[in-house]
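Chains as they are written, first to last, in the working numbering: chain A, 119 to 782; chain B, 44 to 171; chain C, 106 to 368.
I should point out that these hints are in silico values taken from the structure, not numbers from a laboratory. Keep in mind the model is a prediction, meaning the values are calculated, not measured. Some clues are possibly wrong.
Chain B stretches covered by chain A per the calculated footprint, using a threshold of three residues with CB under 8 Å from any CB of chain A [as the list claims (entries may be wrong)]:
hint, segment
1, 45-55
2, 115-121
3, 154-161
In silico lysine-lysine, DSSO-like type, Cα no more than 30 Å apart, as pairs [claimed, not checked]:
hint, chain 1, residue 1, chain 2, residue 2
4, B, 62, C, 119
5, A, 590, C, 342
6, A, 458, C, 322
7, A, 468, C, 119
8, A, 520, B, 62
9, B, 63, A, 520
10, A, 621, A, 646
11, A, 339, A, 289
12, B, 63, A, 667
13, B, 46, A, 602
14, B, 46, C, 312
15, C, 322, A, 602
16, A, 590, A, 602
17, C, 267, B, 63
18, A, 602, C, 119
19, B, 63, A, 646
20, A, 602, C, 312
21, A, 590, C, 322
22, A, 578, C, 312
23, B, 171, C, 322
24, C, 119, A, 589
Here a beta-carbon is modelled for each residue, glycine too, at the ideal position from N, C-alpha and C.
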Amino acid sequence: MQRIGVFVCWCGSNIAGTVDVVAVAEALKKEPGVVFSTDYQYMCSQAGQDLIVSSVKEHNLTGLVICSCSPRMHEATFRKTAQVAGLNPYMVEIANIREQCSWVHKDMPIGTEKAIILGKAAVAKVNLNAPLTPGESPVTKRALVIGGGIAGIQTALDIADAGFPVDIVEKKPTIGGKMAQLDKTFPTLDCAACILTPKMVDVAQHENIRIFSYSEVTDVKGFIGNFDVTIKKNARFVNEDICTGCGDCVTKCPQKKVPNEFNLGMDNRSAIYIPFAQAVPKVATIDPAHCTMLKTGKCGVCSKVCKANAIDYTQKDEFITERYGAIVVATGFDPISMDKFDEFAYNQSKDVITSLEFERLTNAAGPTAGKLLRPSDGEHPHKIVFVQCVGSRCDSCAEKGKEYCSKICCMYTAKHAMLTRDKYPDTEVYVFYIDVRTPGKNFDEFYRRAVEEYDVHYIKGMVGKITPEGKKLMVRASDLLDGKQLNIDADLVVLATAIEPDKSARSLATMLTASMDTNDFFTEAHPKLRPVESPTAGVFLSGTCQGPKDIPETVSQAGAAASKVIGLLAKDKLKGNPCVASSDELMCNGCSSCEKVCPYGAITYENKEFRMPDRTTRVRRVASVNPAVCQGCGCCTVTCPSGAMDLRGFMNEQIMAEVDAICK
Amino acid sequence: MNKKYLREDIIRMSGVNPKKCMRCGKCSGTCPAYDEMEYHPHQFVSMVESGDIEPLLESDSLYRCLTCFACVERCPRGVEPAKLIEAVRLTAIRRQGANRLTPNDIPAMLDDEIPQQALVSAFRKYTK
Amino acid sequence: MKFSYFPGCTLKNKAKDLDRYAIRSAEALGISLEEIENWQCCGGVFTTARDEIATKLSSVRILKAAKDKEQDLITVCSACHNVVKQTNNAMQNDAEFSSKVNRYMASEGGYDGSTTVYHYLEMLRDIVGFDALREKVVKPLSGKKIAAYYGCLLLRPGSVMKMDDPENPTIMEDMIRAMGAEPVIYGNRNECCGGYVVMESPELAKKKSGDVIRNAKAQGADMIITACPLCKYNLMKNGADVPVVYFTELLAEALGVKEDTNE
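Let the sequences and hints guide you as you build the complete structure.
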């Protein structure tokens, strides 16, 4: 039999204003197992805690019921108090008589009655509590970063600088991501390459960082501290270790008509290619879909010209398995397809382009060497129309586009408009906007400069239809402030396309058992207080895989994710949560129901030998819970049809005892 | 008619929820009859929403809408302005003696080629 | 293969060519169009108001006639197709509307929205197939640059009509290619010609049709085809200096059945 002490907190007038705390303490004195009951003004204060410790000693208490605020607030506090008093911390139960009682009731008798009932339930539970000890698991001191854009690069550098080894897995032949494709960056207009490529070099040279480029994650097993990850290194048909990146093969390759994805198809590359001059790793890759040698067996030019002998047409995909303590997701974004928005004629005219294409058209390393030229005829455009919010802020029933604001478009459009006017003063530039959203340091000032100093015509209204006619693009739009419909004969139209998470994110989320929202952005553990952690322990989020954000925000989040990883990897062992599920193997019928509902992949099945009453042995399939992965959500316990699954600290009989106490 | 009742009636008849509008003006940016209208598609949405419907009922704009559905197709919020305009138009012509087009008007409009479809459609749009 | 066929009023009067060549071409493609008996006008336009019941009954009767014969329904006039298809959609998805309609029609038996409605173009694409059509072409229209004019009614509202991408359709262009000609892609092919508002404001129709013709010609068209008598009227009336013909007429020409040997 337990010896239970009850401690009723006033919380100043927060509880005592609506609950007769003295009456509650008196009533609970009569409950089975209770040997001591008292009330105090602030139980969480030092004096309050001292009262608890001394009462434990004085009355030889074995369990505590604290009637106070929500366990979210002070459960941890009172568990520590119990520990100080020499009790197991899991011998404490909180009856929430503030949020669930005094704050929601106005009437003292009702509030008091409910507080007593909640207290009785807690007492009933403590009567059945048993001491719990958290398990421990080792931490593999190595991190995996999935995605090698600016988010992944920054996270990897920060972790590596703290002294832990990091692997970056990037599906493209080079790291750098979207930022490598940008021209200049708002609001300071520093060139993206100038600030990104040194970081790429840092990554390449860092002794703690390995880059798996042209690779992808194909399987994840394990749990926080011990993830076993399979990485597929796609065959690039070039030996990375000996290729010097001289580019002779690229120059000599006879197949030069492959659309260049780095320039978004606006020019061509060869079948063997290095995406851009500053690529990391700077090694060539053969595109098997276009290489004549790989397709027909006839050619071999690259192999002949390669002085390093790095070409290997027989190279196969390679699979590597590594163990990591933490995983950071940094899979980034893509602009959405414009296929469903052809009122803007993207598929009907080459001179209707996306904003990312505009970046390439103005980038010195782009298809036009930085000259703004019309893709259709290479002529200099004079009248340029920018359309904001294309595919963003759509209603879900509109069956196209995204419901969210893509966040970065207002600023990059202001940048595009400003830079165009700066470089080509002979241009007329229009920006159609619904709202201009510029919350950020120096952002609104930047937008105002575009209007006031660079004479960009900002028009409140939306473009309704674009009709290519001859060399012109007839833009029909509304000017809501002037109450006019405008018809502009533009030379170039730039669509600020909505962004969406990279397509690889969903399958990755499944592998990681990390949750996503309906837009396929990764969900954070808490939107405010744990923004860089996934609800799945050991999985962290960096950059736009979690939601639209610009470069400064991405870099901040990348650093935050790194600091969380460092905090984890700095530990030698992880203390688990002892309130985890466990299965009674004798009752388990092997039905797999629990395995299917477990959101964390903590349950596996194994065949085990059992000795039967007749002394024979039988092999049965039974569930087994990995306590390091289990988060104690309890889904399995309510799903289990045979009642084999139970949750420590919240055993079925404890819950039933609480219900009985409430219903008595 | 009571202002509030009128608004509710039009919303019910059209099945349109004007609150979904984000005031982007794309409907009016795409409307082929814009220049002929006194009130434009986005104004139909906002004026119905605010209950300011009488001016719409009296405006010739009602009869300039081509029901081409460009605004319906292109609205990013799924508001369907053309359906709202139709509901306001019906509210106007359902009033006694408010028919826009009568059979007596027809002979003056005819020519040898005009298809039957034009007459039938116009009657359906302009007459109760 | 047999289908129920609804021509509509205009096809029996001012747009006889649209009807005649549709039937002849279908025959050449092995499809027999059985005209619905005692049909009434579809109503010309679909009234979107949800409390309009009686004005939609004639369309429901057309749909029911096809269902009674257990046939899919083919239409060819854009306006008829739009009205019939939108009515069918309302019968399928608006329970209040369909129950009211069925109360009106209690004496003649109800209708449940189950008839499949094809526009003639959809029949060419989905039932005949453009590859099969290409093989049946005896007089390829090589060298012709043809602009398909969709107007509004065939494509919108896209969620109901479901014929093609409402902003960048290809069905008529694919048909043009199958007939050996070159399609002209131009932005105003899905913009309004002015429609019935020609009765109220001929100037508006003139402007809108003018925009279509100008854009088609600027993109290189030497002929415009359409499925809608009112579109054809508005374009011809408002300065089309290239031929505007029904797509069925061109189809009959390509299939070599334009001249009726029995006439």
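Here's how the hints hold up against the structure:
no. : hint          : verdict
1   : 45-55         : violated (count 0)
2   : 115-121       : holds (count 6)
3   : 154-161       : violated (count 0)
4   : B:62 x C:119  : violated (44 Å)
5   : A:590 x C:342 : holds (27 Å)
6   : A:458 x C:322 : holds (26 Å)
7   : A:468 x C:119 : violated (41 Å)
8   : A:520 x B:62  : holds (19 Å)
9   : B:63 x A:520  : holds (15 Å)
10  : A:621 x A:646 : holds (26 Å)
11  : A:339 x A:289 : holds (20 Å)
12  : B:63 x A:667  : holds (26 Å)
13  : B:46 x A:602  : holds (28 Å)
14  : B:46 x C:312  : violated (37 Å)
15  : C:322 x A:602 : holds (28 Å)
16  : A:590 x A:602 : holds (21 Å)
17  : C:267 x B:63  : holds (24 Å)
18  : A:602 x C:119 : violated (38 Å)
19  : B:63 x A:646  : holds (28 Å)
20  : A:602 x C:312 : holds (17 Å)
21  : A:590 x C:322 : holds (14 Å)
22  : A:578 x C:312 : holds (26 Å)
23  : B:171 x C:322 : violated (40 Å)
24  : C:119 x A:589 : violated (38 Å)
Hint violations for this structure: numbers 1, 3, 4, 7, 14, 18, 23, 24, all remaining hints satisfied.
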